[in-house]
Amino acid sequence: MTAAVSERSELAGESGAGADAPGSITRLAAARDSAQPLLRVKNLSVSFTGRHPVDAVSGLDLSVYPGQTVALVGESGSGKSVTARTIVGLAGEHSRISADEFQLSGRDALAFGERQWQAVRGGVVGFVLQDALTALDPLRTVKREITEVLRTHKVVPRREYERRVLELLADVGVDDPEHRVNQYPHQLSGGLRQRALIASSLAGEPELLVLDEPTTALDVTIQAQIIELLREYQRRGTAMLMISHDLAVVSQLADQVIVMHDGKAVEEGPVARVLSQPVAAYTKSLLAAVPSAASRGQRLSGERINVNEAAELARPAQDPNWVAAEVPVLQADNVTRYFPLPGGRGRRRAVADVSLRLHRGQKLGIVGESGSGKSTLARILLGLIAPDSGEVRVHGESWTVKDRELWRRLRHSVQFISQDPIGSFDMRYTVAEVISEPIQGVLSPKEIAERTAGLLHIVGLDERVLKVSPRLLSGGQAQRVAICRALALRPSVIICDEPVSALDVSIQAQVLDLLHELNRATGTALAFISHDLGVVRHLCDQVIVMNNGFVVERGDADEVFDHPEHPYTRSLISAIPQISAK
Amino acid sequence: MELVGIVVDKSADSRRRFGLRTRMIVARVAQAVFVLWAAITVTFLAIHAMPGDVVSLLLGENRNDDVLRASIIERWGLDQPVWSQYFIYLMRIPSGDLGTSYTLRKPVSELIAEMMVPTFQLAATALVVAVVLGFLIAYATTGRIPGLRPATNVLELIFLSAPPFWIGIVLLAVFSFNLGWFSVVDLSSWQSLVLPVTAIGLPMGFYMAQVLRDGIDRALEKPFSLTARSRGLSWAGVRRHHALRHASLPAIPLIGLVAGGLLGGAVITETVFARPGLGQIAVNAVLVKDIPLILGIALVSTFAYIVASTTADLVGVLTDPRFNTEQKG
Chain S
3 MTAAVSERSE LAGESGAGAD APGSITRLAA ARDSAQPLLR VKNLSVSFTG RHPVDAVSGL
63 DLSVYPGQTV ALVGESGSGK SVTARTIVGL AGEHSRISAD EFQLSGRDAL AFGERQWQAV
123 RGGVVGFVLQ DALTALDPLR TVKREITEVL RTHKVVPRRE YERRVLELLA DVGVDDPEHR
183 VNQYPHQLSG GLRQRALIAS SLAGEPELLV LDEPTTALDV TIQAQIIELL REYQRRGTAM
243 LMISHDLAVV SQLADQVIVM HDGKAVEEGP VARVLSQPVA AYTKSLLAAV PSAASRGQRL
303 SGERINVNEA AELARPAQDP NWVAAEVPVL QADNVTRYFP LPGGRGRRRA VADVSLRLHR
363 GQKLGIVGES GSGKSTLARI LLGLIAPDSG EVRVHGESWT VKDRELWRRL RHSVQFISQD
423 PIGSFDMRYT VAEVISEPIQ GVLSPKEIAE RTAGLLHIVG LDERVLKVSP RLLSGGQAQR
483 VAICRALALR PSVIICDEPV SALDVSIQAQ VLDLLHELNR ATGTALAFIS HDLGVVRHLC
543 DQVIVMNNGF VVERGDADEV FDHPEHPYTR SLISAIPQIS AK
Chain E
78 MELVGIVVDK SADSRRRFGL RTRMIVARVA QAVFVLWAAI TVTFLAIHAM PGDVVSLLLG
138 ENRNDDVLRA SIIERWGLDQ PVWSQYFIYL MRIPSGDLGT SYTLRKPVSE LIAEMMVPTF
198 QLAATALVVA VVLGFLIAYA TTGRIPGLRP ATNVLELIFL SAPPFWIGIV LLAVFSFNLG
258 WFSVVDLSSW QSLVLPVTAI GLPMGFYMAQ VLRDGIDRAL EKPFSLTARS RGLSWAGVRR
318 HHALRHASLP AIPLIGLVAG GLLGGAVITE TVFARPGLGQ IAVNAVLVKD IPLILGIALV
378 STFAYIVAST TADLVGVLTD PRFNTEQKG
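First to last, the sequence lines map onto chains S and E.
For the first sequence, my numbering gives the first residue as 3, with consecutive numbering after it.
For the second sequence, my numbering gives the first residue as 78, with consecutive numbering after it.
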């Protein structure tokens with residue numbers, strides 16, 4: 003173990019050189035040859051007792067050999083996170099675990115008591131949770147967080163804590179560790195936070211690293227950096243078990259992959275084989291559901307709508323003043339908006355000189371990383387906040403129009419779908435009330451009931467959900483209800499802010515298909531905001547790329563993605579992980 | 078600067094040296110000063126809004142003493158216009174001159190200062206007991222001892238719903254009259270403090286425990302607690318090193334409010350145990366309509382309350398690193 007430590011610290015200075023270091027290659031080769039797995043689980047079942055008994059995992063076999071990376075892939079509820087937690091003995095209070103075999107580092111984990119588990123956690127198995135902002139204690143400095151591991155496992159004597167923490171931080175590629183070490187998580191950028199979290203999980207010199215969605219909360223360029231960092235540790239021989247819903251990220255990192263569905267492994271094998279020649283129907287549907295350049299214009303799922311019915315019920319309201327086809331339904335001219343910086347340190351330009359035109363039936367993608375100003379732009383386009391300069395026009399009329407009646411009609415013709423539909427519903431309403439809220443008082447009760455039921459039918463929901471509370475809806479159902487509500491007023495344009503980001507890939511596929519078909523059937527324009535370039539490429543005809551509030555590139559979606567001109571767009575596109583064996 | 082979309086406002090340069098934390102502290106202190114001023118003004122308005130003439134009101138039962146009457150008019154400037162009276166009043170209060178109680182023939186500030194001592198003893202001790210008890214109960218009941226939490230819930234319900242005077246009377250009857258363990262007669266001994274402190278500290282401790290336990294439970298559900306456990310910390314370790322600190326944040330302003338209330342005099346408890354203190358002289362002052370004393374106590378309790386709650390808020394701001402935006406990078 004000590005040999006490994008010193009080797010790591012030597013490597014710290016020259017990141018990327020790990021693969022060439024003779025020591026690590028021999029060690030890796032030696033590790034692969036030995037037949038003893040770090041983790042071997044046979045026929046693992048985890049169930050939860052209590053008020054809502056659930057079989058979370060059933061009959062899972064899993065082995066991780068030294069130097070190997072195994073990925074558990076699946077959608078929410080597939081049991082992948084429960085499996086990860088079970089491996090460190092943290093499945094939860096009401097869990098019942100059974101297995102024919104459960105070996106960790108050559109010892110029988112089924113016989114572990116709490117003390118032994120505590121020695122294993124952090125010492126034998128390092129654990130990295132999804133979002134470092136919440137996975138690190140917000141009230142403690144990076145130093146205290148990492149020191150906690152050193153102290154718990156008595157890795158080094160007390161007087162060496164400081165030195166070791168700095169070493170670990172430098173090792174995970176944190177620049178200026180002497181300064182960062184005394185900072186709190188909220189003072190670090192997303193990438194640095196994730197590195198600090200990884201450093202803390204490595205502090206106990208574990209043999210196996212369990213990573214639960216290690217890059218999911220990160221922007222695509224930061225994600226690429228973290229993937230590179232993890233690959234560096236793979237080269238040095240660190241074994242990993244990673245949990246992910248993202249097939250592309252998995253293909254970049256894993257050797258073996260296990261596809262999980264409803265608590266069972268439906269397919270497993272080398273990552274290249276599983277992703278290129280899937281055997282199980284579920285794996286095939288999962289791969290087919292991933293939006294990309296290739297899937298453009300094709301359905302990602304079995305989703306289909308009744309085109310005539312949709313056109314009938316949701317075609318944009320025909321206002322005689324708005325018929326001129328050359329007038330964009332939504333238009334922004336040199337829109338700029340500032341926000342004050344915390345601590346009175348001047349102000350930040352959130353949206354800078356943005357112009358755009360959206361014509362009837364068009365689908366415009368607005369892409370950018372967090373902080374690029376895309377959500378602020380959405381609120382300006384919706385007329386919810388006023389720009390400091392510039393103007394937004396709907397059907398050629400400005401949001402600043404004085405005529406209240408005209409303003410109301412503008413309001414009706416621009417609707418909104420958010421990332422978190424459930425949060426946008428009043429929990430005391432029924433689904434029927436949520437959908438019909440915008441048309442209350444506009445139509446008669448009978449018409450409202452008919453229209454609500456009709457809209458629900460278009461988006462493929464059963465009428466039975468009308469009477470239930472929105473809190474009982476699944477993520478996909480909730481987004482369908484949000485689409486219904488947006489369509490209720492026959493809008494000319496719907497602004498969608500990350501509408502599929504919180505959804506599983508198969509549900510995301512259905513919602514994307516639904517939006518695409520509705521757009522075709524009704525001619526409702528879409529302004530589609532997303533950080534996910536694959537989704538935008540799949541769905542949109544036009545695209546604008548935002549960075550620090552500015553539009554850095556715009557144009558036809560194929561053109562921008564195939565021949566990006568701005569360096570930022572290029573870095574963004576090259577950072578997208580592709581599904582290909584590593 | 079242009080490229081990153083950040084425009085530094087030149088006029089903000091002077092403010093740049095101060096972070097969010099500094100500005101919050103300044104704002105909180107300014108707020109406290111404003112409330113103090115408002116309290117002084119309200120008492121002034123109260124005197125003038127009461128029926129009858131101000132001089133007779135202040136004199137109480139001595140209203141026929143002409144010499145006193147003349148000196149009051151002189152002191153309060155009652156022969157001058159109202160705004161000038163207000164100004165005299167406003168200047169006098171911060172200097173510590175709260176007027177004279179004509180019933181007890183003593184300066185109000187002196188009377189209050191005497192009574193502050195036993196009140197402060199009681200309040201401080203009760204507060205320490207409550208905080209310690211709160212932390213102990215919260216810590217113990219978030220552990221994994223089966224049956225402890227439901228048992229504590231019953232005790233909590235009893236102590237939080239029973240009126241304080243009833244708790245006081247029961248304690249007095251059992252421990253003082255029947256068992257004779259703690260005398261409440263000899264006020265100079267520490268023993269006289271035990272029962273009143275228990276009567277106040279116990280319910281407050283259970284109250285604190287509820288707030289703290291809620292905070293601990295919430296912190297334990299957060300991802301950072303899972304991270305801490307995945308590092309090999311025990312359940313107790315996670316509570317000690319992580320959850321308690323998170324739970325303390327909402328508890329600190331609560332301690333301030335409770336302390337402020339107690340410093341104004343625990344009227345009922347002082348009466349039950351026949352203890353001297355602000356609460357007791359307040360009751361007496363009201364009974365004999367000693368207006369200068371009532372006003373003085375009202376002001377002092379308000380001051381105590383404001384000082385305690387402001388201090389607690391400031392401590393809260395200083396303990397939470399998330400208020401510190403000064404070295405973002």
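Treat the hints as calculated values from the structure; they're not laboratory data.
Note that the structure is predicted; figures quoted are calculated from it, not measured.
All C-beta atoms in this analysis are idealised placements derived from N, C-alpha and C, irrespective of residue type, glycine included.
There could be a bad hint or two in this list.
[Unchecked claim] Simulated crosslink set (DSS-like; lysine-lysine; CA at most 30 Å straight-line): (1) E:Lys-183 - S:Lys-156; (2) S:Lys-145 - S:Lys-156; (3) S:Lys-286 - S:Lys-266; (4) S:Lys-469 - S:Lys-448; (5) E:Lys-183 - S:Lys-145; (6) E:Lys-183 - E:Lys-299; (7) S:Lys-44 - S:Lys-266; (8) S:Lys-266 - E:Lys-366; (9) S:Lys-286 - S:Lys-44.
[To be verified] Stretch-level coverage of chain S by chain E, calculated; a stretch enters the list once three of its residues show a Cβ under 8 Å from a Cβ in chain E: (10) 265-275; (11) 435-447.
For a C-alpha distance cap of 30 Å, please report whether S:Lys-469 and S:Lys-448 respect it. Holds, at about 16 Å.
Please work out if S:Lys-44 and S:Lys-266 have their alpha carbons no farther apart than 30 Å. Holds: S:Lys-44 and S:Lys-266 sit about 13 Å apart, inside 30 Å.
Do three or more residues from the stretch 435-447 of chain S put their C-beta atoms closer than 8 Å to C-beta atoms of chain E? Three-residue rule not met by the stretch 435-447 of chain S, so violated; n is 0.
Count residues of the stretch 265-275 of chain S with a Cβ under 8 Å from any Cβ of chain E, then say if the count reaches three. violated (count 0)
Taking only the CA atoms, is the gap from E:Lys-183 to S:Lys-156 under or equal to 30 Å? 67 Å, violated
For the pair we were handed, E:Lys-183 and E:Lys-299, check the Cα-Cα distance against 30 Å. Violated - the C-alpha atoms of E:Lys-299 and E:Lys-183 are around 58 Å apart, more than 30 Å.
What's the verdict on S:Lys-286 and S:Lys-44, does the C-alpha distance respect the 30 Å limit or exceed it? Roughly 26 Å separates the two Cα atoms, so the pair holds.
Assess, step by step, whether the Cα of S:Lys-145 is no farther than 30 Å from the Cα of S:Lys-156, and give holds or violated. 16 Å, holds
Proposed proximity, E:Lys-366 with S:Lys-266 (alpha carbon, max 30 Å): Given that 30 Å is the threshold and the Cα spacing comes to 81 Å, the pair is violated.
Holds or violated: E:Lys-183 and S:Lys-145, Cα atoms, limit 30 Å. Violated - the C-alpha atoms of S:Lys-145 and E:Lys-183 are around 60 Å apart, more than 30 Å.
Can you confirm whether the C-alpha distance between S:Lys-286 and S:Lys-266 stays at or below 30 Å? 16 Å, holds
The structure does not agree with the numbered hints 1, 5, 6, 8, 10 and 11 stated previously, though it agrees with the rest.
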